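Chains as they are written, first to last, in the working numbering: chain A, 8 to 557; chain B, 73 to 495; chain C, 1180 to 1667.
For the record, the hints were derived by calculation from the structure and aren't laboratory data. Since this is a predicted model, take the numbers as computed values, not measurements. Don't take each hint at face value.
[What the hints assert, rightly or not] If you only want the chain A side, here are some residues facing chain C, beta carbon under 7 Å, derived:
#1 F206
#2 A225
#3 A288
#4 R353
#5 T459
[Stated by the list, open to error] The calculated BS3-like cross-link candidates involving lysine-lysine, where the alpha carbons are at most 30 Å apart (straight line), are:
#6 K143/B <-> K12/A
#7 K493/A <-> K1372/C
#8 K432/A <-> K376/B
Idealized CB from N, CA, C, for every residue including glycine.
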Amino acid sequence: MPLSKELYRALEDIVGTDNLSDDPAVLDSYRYSLAHTAIHLGPYFDTFTPRGAAVLLPGSTEEVQAIVKLCNQHKIKFKASSTFWSAQGYPSTENTLQLDMRRMDRILEIDEKNMYAVIEPGVIGATLQAEAMKVGLNTHLPGSGCSCSILAGATSYFGSGPSNLYGGWHYDNLLAMEWVMPTGDLFRTGSLGSNCGWFCGEGPGPSMKGIARGFLGAKGAMGVFTKCAIKLFAWPGPEILPVEGTVPAYGVSLPELFRAYTLAFPSWKAWADAAYTIWDAGIGYLAHRQFNMFGRDLKHAMVKILTDPTKTLGDLEQLLQDPEVQRVTEESTRDFQIVLAGMTPRDIQWQDSVLDEILARTGGWKVEAMNSPEINPWMLLYLIRLGHKNLNLVFGGSYDGCFGMLGAADFGAANAEEAGLFKKKWEKHGAIVAAGGDCMMGPIGGQGGGGTCLWENFTCFDPYDRFSTEGTLEFFNTCTEFGLEKGWGVGMEKWNDQARGPDGRTPPKEVRDKIHRSHPQPSAFRYQHRIRETFNPNDLGDAYYETLEE
Amino acid sequence: MALEDFAPEMDRCSSCSYCKWIPFDQVKSWRFAKNCPSIAYHNFNSYSARGRYTVARSLLRGQSDCSETVKKIVFTCLTCGSCDVSCKICRYNLEPLEMVRELKFSLVEQGHELEALREVRESYAAGKNTQGKSAGSRGDWASDLDVPRIDEQPMPVLFHAGCRLSYDKELQESARTAVQILQGAGVEIGIRGDQELCCGGRLYSMGYRQEFESSAEANLAAWAEAGVKTIVTSCADGYHAFKRLYPRLGSQVEVLHTVELIDRLIQEGKIKFRSQVPLTVTYHDPCHLGRQGEPYVPWDGVEKKIMEQIVVYEPRRPRYNGAWGIYDPPRRILESIPGLRLVEMERNREYSWCCGAGGGVREAYPEYSQWTASERIAEAKASGAEALASACPWCERNFKDAVQAQNGGMKIFDIVELVQMAM
Amino acid sequence: MNGHRERLMDIVGKAGITEEPTLGESYSLDRDLIPALDSRFRVRPKDVDEVEKIVLWANETSAPLVPVSSGEPHLRGAAAPSALASILVDLSGMKRIRKIDRRNRLALIEPGVTFGELQPELAEAGLRMITPLLPKLRKSVIASLLEREPIMSPRFQWNLLEPLRSLEIVWGNGEKFWSGSGFFHLDNEDSWKQGLVPLNGPGPGQLDFYKMVSAAEGSMGIVTMASVKCEVLPEFRKTFLIPATQLDELIDPMYRLLRFRFGDELFIVNRTCLAHMLTREVHHMQSLKETLPAWMMIAGITGGHILAHERVQAREDDMRSIIEQAGLRMLTDVPGCDSSELQDIILKPCEEPYWKLRYKGGSQEIFFLTPLERTPAFISEMDRLANKFRYPVSDLGIYIQPQHQGVNCHCEFMLPFDRQNQEERSQTEALFREASLKLFRQGAYFSRPYGIWADMVYNGDTRTTIVTQKVKQIFDPNNVMNPGKLCF
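Chain A extracted, bound-state conformation:
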């Protein structure tokens, strides 16, 4: 249903003619295919999120407030997104106004001494990191990569990534913020509300930042975040990365204070032992089981392709026949990547020695093939900048993750092999990429200092292919059954299941309620309902903010 002329004009008055569109083709460019990487639901073939009522490009907090107030007046739902990747940032019902936060893309301040930056929603990880590096600082990047909005990850989603270990995940790093609440009221949290600056996200008293996000954020369903301060951390490297190489095989060498290794272990227990010991020892700048996302059987061949500008995916089969590739693939079965960064030469030397000691104690080793001059600089740059996360989709255009096994390292390590074998059997059905079953990727350390791991089992499929897409859905359904049977809980494949159904829209209340009631503590969703009732009285968000009304 098109917007009324009156409303269109009112919105035009707020953002200007050039920053508003209800052209059908434009609106369709703001729809997301659920055959795609919907993230934690579906996939659903040939299904799209609903067409928005209009798209707006606000340029300031005041404009956002005015839009939201107008939405309250007219009872129109709205949803903001910064980079529009995954279905989470898209409307779930018809006639939703879409806010594209791209124009609000300033880095307002980098406080070098106190190590934080103040940013708008359109600031992506790559640009913040580049600016921070100029003053010897770095930002944590979420696992989805440096193309994503830092503010969005911190306020509204998850914000976990390879540098959780040292940099803290974005839950930890979110300081004060400016929040246009669902009613249009402006809430400046923490020290900002007391006019003291951006440096503290907590308080005064009980921290009301806690209603903006918990373990997860509200995923765009509770107002719009327009600014935030994000904690940074030390970058002991050069102000500008000295990137070399031929596209796409860029790499960087920082031999003085950095080391990048792929470590492998003889058993999952040894793998977990190493993770725990790394955390105990306090070494590591970032640590992630990253390249296994290509699949246990394919990862080294893929690394060979990605580091050779003359190669393409078409070389994969041939590479898989190479005995050396086979040997390294076998060697890397139970692996993860780690980057050490020393603040000083003594520091890096100590960390390197500690890592050697950990390997000796656990029977682990450094995968030498990943230390080659062609690969190591690529690996280091990849992990620092995290600018290749589109590789999640390299095979055919879609992926989503199953299982997850979020928790202590022992938990995932005890079950990893079984989870991998389960998927490996399913790969024979033909709907998903046959990658060796274990395609599990995740951080070594889900939070600052370590402690937890996440095992997202990448499932790659072709969104253009009905068989592939529907087969993936079937696979995910069986994953959920298997995971519940095993006591692992509902896996990542369904973490957003309550948000959208097979028609791409909010599922009926009974469906959502059933999901929430089956949670170990449904009360959490009842409280979230009360929060929504209180702060979003006109209910202008969608079911990505999970509630149970009873």
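Got chain A; can you put chains B and C on it based on the hints?
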């Protein structure tokens, strides 16, 4: 090809927005991180490669019509190819540049051409050039040059001036200079003068497939008759047309840009520098010489799947991702000029920012075109350069216009001008 | 009232209830500058079920509840009742250390567990907790963490609630709840064996439940169990003293240490504060104040688990380099203070009498958060105000504790005063009030708004006030939990 052939890609596009940024590994600052002028200027997602994939899908499915907005979305694409480079950092089975070209063709073929571009098309029909000038005056730039006309005297090496250099009075000096430098270095070179025809490249990027093909066929025929084995041009647009588009129509002529030849001649000692050129210069990689200047590899194949669902091609499909464009020869030339200090802009080589002239944008959207050029001038200033050199008259014209609008602040050169200053 | 007593006895048993009309004596320190009302009963529940019943009863009867876990002295007013006939819910008897998991570095404790009780148990398992500076002997670990008391080692503090993780909470509405990953029911053995351990603080879901009870002065609910993250027990450690004449000299080197996360315990004290830490004897304090350097940075270095000595040596060399570049010295002793003696002191809870009270028997604290570089300005202001109120500047204890890995710091002024001396009490109160307001207006962030700070802070931040009040309505709709605190 047809737009429908890109339907699989429309679904397989990652929606990652990498097409809106230079390769992330190369980001050095917030200011100069963007790569796509059209979304940088217009901001709506539709104006990016990923957006155009969805617009194309919407049109194909009949979910929207070709409104004025849609035309703007499509025709503001400069076809600079930077989205293509960035996409292909990670993707091996998407061709966003080819898709958007096909989208333009599709709109034109359905009768949705832009008014401003229609004028260009008609001018081409009338005078076989894109400048709205008479065919007869095309050769005036060389009227006092002592160089054979190949239509009268067959020569193996042809210098193709191109429409911009032929008719732009300010820029055409660099065409003369190029010919003189090459002749001075012993290259036996000819021109077509007033018989020269538009390469068709600009028409191609505007969406005029038929006009391009007819231009190409006419050129190929003329060259064959004149025994041309090698084409040399100072125009990146022409370079790209001859090197990458003409072979699809059977061309086997060797294609060189002037800078490739001059670079070779310097290495061979046939061009020597005797004067200092005390300038701090930055080099702008023209899109069609740099990332789109890669060698052509013929391919005719089909999609297939391996490992159940990995999309590849049979036979192995060549990959155009900017890796093998012409980046080093112009830099070697500049670095060999005595006294000249070469500095790099943040966005260079395969991830260079476009000058804003291509794809019909200069003709149809002058304000946006100039904004794009002025962004590049700002970047040149930020590099510490006092002069910006390039190897394409379209880039140079757009930059000169932008500098003039700003009342100066940056000298604009073609590389051959600096070479001549040093000789 | 008799009805109340009987109902409470039903819940906690006869031994679990104390009825004293003037129960407030032990809160007299709170009362000095914070008006308080006498409570009527103290109940001592033994477990979460009893707590749940108490809270449900309070909702039925509208009886105000004031939860308290720590013993005396009480200094900040959180446990001083602000409503008539409050019931003190004394959790100090819930003293079980339910679990210590070396591998996951997690301890599961009840609210009555003190630092003094926990640390030895952790040490046996090869672990330790990072503590605040000299917590009182009877300080509850959970209470300290809930209060967001600053811990001595900023490098381990990934967020301001660390190392607090999952909680078992009885909300003000009487509902039992588990925050973080506590819904595995915290000490459920089966879950633990599977590797499902309560490592997470935030959530579950999209609401950050444990933030609702953080610095809430017991006004949202009662925490009956918590998982806390521990660090490895160092095999080897050293403590260094970096003296300075002016605070400014220490700021830049401190920033460098924080940037690199060098140093374990890392904080700055002035000579007065240090004197009070070092000795119980008043006369000795006075002589120390004349001997000690005006300012001192305390930097601990630890090595544990792997290549401990190498780590300590490497750190020491690097830190010395930073300190010396700033024109300062990294020492093991200075006149009046030996680093190993100080190390012994700060690694344990404070022996009685509580160090802040040693000098004059009473002490008023002013503390807030601020970026480190602003602390000199606040100190100058405080000196000026002390002079205005004729409060001896040399009596001011100052403690600066970087937090959150250096993003901000806890800046604290200790104002000792003689509680028996009416004039001194009035003078200190007047200074306290004016200084609080002035510093707040100059940008001091009172993130833990005790007593008079509550009005000051909440009146200055209307939106936070409205939001907080609305959230209170959700978790404690009948306002039974410590009414009158914060903005309630």
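Hint by hint, which ones does this structure get wrong, listed from lowest number up?
The structure conflicts with no hint, since it agrees with every one listed earlier.
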